[in-house]
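Residue numbers (this note's numbering): 1 to 196.
Any given hint could be a false lead.
Simulated pairs of lysine-lysine, DSS-like, Cα-Cα distance not exceeding 25 Å [to be verified]: (1) Lys-69 - Lys-116; (2) Lys-75 - Lys-19; (3) Lys-20 - Lys-59; (4) Lys-19 - Lys-116; (5) Lys-20 - Lys-69; (6) Lys-69 - Lys-59; (7) Lys-59 - Lys-116; (8) Lys-75 - Lys-116; (9) Lys-19 - Lys-59; (10) Lys-19 - Lys-69; (11) Lys-20 - Lys-75; (12) Lys-20 - Lys-116; (13) Lys-59 - Lys-75.
Label-pair ranges, simulated between beta-carbon atoms [as the list claims (entries may be wrong)]: (14) Ser-11 - Pro-105: 28 to 34 Å; (15) Leu-81 - Glu-195: 52 to 58 Å; (16) Asn-68 - Cys-175: 29 to 35 Å.
Think of the hints as simulated: they come from the structure by calculation, not from any bench.
Every residue, glycine too, gets a C-beta built ideally from N, C-alpha and C.
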Amino acid sequence: HSRTCYELSSSEWNAIIQKKVCDFDAILSSIHSPAVPKSLKEKVGAFEIKVEKDVEVTKTVTNEAQWNKAFRLFKRATLHLFPHRDSELATYENHMGDLFLSIDPSLHPRLISYDKAVRNLVANRGDLTLADINHDAFRNAFRTHIENYGAFVVEKRPRVEICKRFNQGICVGTCHYAHICSRPNCRRQGHGAHEC
Numbered sequence: 001h002s003r004t005c006y007e008l009s010s011s012e013w014n015a016i017i018q019k020k021v022c023d024f025d026a027i028l029s030s031i032h033s034p035a036v037p038k039s040l041k042e043k044v045g046a047f048e049i050k051v052e053k054d055v056e057v058t059k060t061v062t063n064e065a066q067w068n069k070a071f072r073l074f075k076r077a078t079l080h081l082f083p084h085r086d087s088e089l090a091t092y093e094n095h096m097g098d099l100f101l102s103i104d105p106s107l108h109p110r111l112i113s114y115d116k117a118v119r120n121l122v123a124n125r126g127d128l129t130l131a132d133i134n135h136d137a138f139r140n141a142f143r144t145h146i147e148n149y150g151a152f153v154v155e156k157r158p159r160v161e162i163c164k165r166f167n168q169g170i171c172v173g174t175c176h177y178a179h180i181c182s183r184p185n186c187r188r189q190g191h192g193a194h195e196c
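Can you build the whole structure from these sequences, using the hints too?
Below, the structure written as structure tokens:
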């Protein structure tokens, strides 16, 4: 496998071969790295040992375009080794594409966390593939990482005050306050107190 063809580090190739989780941050970093991974060769008797140093992870997947770039490279490399996984990977790519389209871009970091969780599940369980998008394990990961009451979201979410202007119907929408109903018995998104 040549770097020019698939641009993956040896650790990512090994992850694909061993059906472990690929690090999309490492894949994205390798795409943008100007350096070719360095190899160290050492002769031990009649044997030559080659150790390849991976590209340093300098990029983080934070949006849809970066995720798509990393996934497509991962998919191409995976299909090079396992062509029978084409339908599975296409199903998952479509699933993630639908989610990226239906979820507000401000929540895409949650979607990327969901993707990591799903790929971890699939790597650690022998009974799941990436095509099992309707499985309870996928739904649980979705609730945990994307929905407002999920454990991952609640732990990570900073405390934000409710936007008073939104609740009066006069906010321009570019503020950093929470756009939720200020009525104590409601607190839902999608409308302000003036509409509740």
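Going down the list of hints, with the structure as the test:
1. Lys-69 - Lys-116: Holds, at about 15 Å.
2. Lys-75 - Lys-19: holds (13 Å)
3. Lys-20 - Lys-59: Holds, at about 21 Å.
4. Lys-19 - Lys-116: With a Cα-Cα distance of about 14 Å, the restraint between Lys-19 and Lys-116 holds, given a limit of 25 Å.
5. Lys-20 - Lys-69: holds (19 Å)
6. Lys-69 - Lys-59: holds (12 Å)
7. Lys-59 - Lys-116: holds (16 Å)
8. Lys-75 - Lys-116: Distance of about 15 Å is within 25 Å: holds.
9. Lys-19 - Lys-59: holds (23 Å)
10. Lys-19 - Lys-69: holds (20 Å)
11. Lys-20 - Lys-75: holds (14 Å)
12. Lys-20 - Lys-116: The hint holds at about 12 Å.
13. Lys-59 - Lys-75: The given pair, whose Cα atoms are some 19 Å apart, holds under the 25 Å limit.
14. Ser-11 - Pro-105: 28 to 34 Å: holds (30 Å)
15. Leu-81 - Glu-195: 52 to 58 Å: holds (54 Å)
16. Asn-68 - Cys-175: 29 to 35 Å: At 30 Å between Cβs, range holds.
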